[in-house]
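Heads up: the sequence shown begins at 3 in my numbering, then just goes up one per residue.
Bear in mind the hints are in silico, worked out from the structure with no lab data behind them.
Some clues are possibly wrong.
To be verified - Using 30 Å as the maximum straight-line C-alpha spacing, the simulated DSS-like pairs for lysine-lysine come out as follows:
| # | residue 1 | residue 2 |
| --- | --- | --- |
| 1 | Lys178 | Lys223 |
| 2 | Lys191 | Lys178 |
| 3 | Lys223 | Lys184 |
| 4 | Lys215 | Lys184 |
| 5 | Lys191 | Lys223 |
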Amino acid sequence: MSHPIQPADLGFFSVLAGAGSLSAAARELGITTPAVSKHLAQMEARVGVSLVNRTTRRMSMTPEGELYLEHARRILGEIDGMQELLGVSKATPKGLLRVNATLGFGRSHVAPLISRFVRQYPQVEVQLQLSVNPPALTDDAFDVCMRFGAPPDARVIARHIAPNRRLLCASPAYLKQHGTPKVPNDLVKHNCIGIRQGEEAYGLWRLSSGRGKNASTEAIKTRGNLTTNDGEIAVNWALDGHGILMRAEWDIQRHLASGRLVQVLPMYFTPDADIYAVYPQRHQLAARVRAFVDFVALSFAQQPGGSKG
3 MSHPIQPADL
13 GFFSVLAGAG
23 SLSAAARELG
33 ITTPAVSKHL
43 AQMEARVGVS
53 LVNRTTRRMS
63 MTPEGELYLE
73 HARRILGEID
83 GMQELLGVSK
93 ATPKGLLRVN
103 ATLGFGRSHV
113 APLISRFVRQ
123 YPQVEVQLQL
133 SVNPPALTDD
143 AFDVCMRFGA
153 PPDARVIARH
163 IAPNRRLLCA
173 SPAYLKQHGT
183 PKVPNDLVKH
193 NCIGIRQGEE
203 AYGLWRLSSG
213 RGKNASTEAI
223 KTRGNLTTND
233 GEIAVNWALD
243 GHGILMRAEW
253 DIQRHLASGR
263 LVQVLPMYFT
273 PDADIYAVYP
283 QRHQLAARVR
293 AFVDFVALSF
303 AQQPGGSKG
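Based on the provided sequences and hints, a complete structural model is requested.
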């Protein structure tokens with residue numbers, strides 16, 4: 003019985019897509035360019051759709067080809083993971099690793115770490131996707147997700163990577179013009195820069211004082227004329243003197259150190275946003291996942307100030 007998709011086609015198509023041209027794929031596979039063209043034509047005949055747009059100079063995926071490639075790489079990654087789980091491939095981390103992170107943190111921290119990681123583990127192929135909000139924990143599209151806060155789900159493993167506080171801050175120019183809040187309720191008189199991210203209640207800032215049995219928390223409904231879903235934009239607005247911002251320490255530490263931003267209400271505590279690497283339990287023994295999470299944890303631990311990010 004003939005099947006439209008052959009197991010050998012998956013690896014072939016992944017190499018072809020990565021090579022970028024038929025001739026480059028032929029060199030990587032150690033066969034002739036006509037042989038690559040013939041194999042591709044046979045694949046397309048079996049599935050009944052065109053997978054690749056060919057021109058004399060370049061090659062690009064059709065929408066069907068992009069879909070085929072996405073699933074081929076996921077399946078190949080799962081095969082590699084199964085081999086690692088069975089102890090067939092213990093020596094070197096390899097295979098596809100799909101990583102998700104939020105936009106600002108992914109750009110400034112995760113992407114540079116991946117650059118160093120693949121130099122150390124060149125047999126690992128990393129796909130990084132940045133999103134405004136973290137994907138659902140039941141989403142099987144990623145192997146490791148970098149998140150803020152521990153997820154309340156026993157089906158995943160959440161490894162604590164680094165502590166990370168949220169701080170209130172503003173520019174010296176704004177505070178000079180509008181005054182400095184002394185207690186949390188003073189915030190209602192100020193322009194507060196809003197960030198719509200995740201599932202947190204928008205514009206509701208919780209500030210606590212004291213510790214243990216003496217702790218008390220106030221929920222302040224803030225207001226302001228500037229709102230965004232991008233943390234970098236919000237930080238730039240704060241730097242421009244538009245208002246008070248609540249932001250993770252990793253994102254504003256350099257501006258606090260330089261004096262361009264000043265911490266507001268430093269005696270009050272805001273909810274922590276500790277950094278976690280989250281991954282499904284079935285991936286905990288996969289060498290590429292273990293290596294990446296260990297690499298990230300060590301990198302943060304080696305940063306100045308005890309890995310605050």
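Verification of the hints:
Taken as a hint, the Lys178 and Lys223 pair is honoured in the structure, with Cα atoms around 23 Å apart against an allowance of 30 Å. With a CA separation close to 15 Å, the supplied pair Lys191 and Lys178 stays within the 30 Å bound. Restraint check for Lys223 and Lys184: the C-alpha separation of about 16 Å stays at or below 30 Å, so the hint holds. With a C-alpha separation of about 23 Å, the suggested pair Lys215 and Lys184 falls inside the 30 Å cut-off, and the hint holds.
Distance hint between Lys191 and Lys223 is fulfilled; the C-alpha atoms sit about 11 Å from each other, no more than 30 Å.
When held up to the earlier numbered hints, the structure conflicts with none and fits them all.
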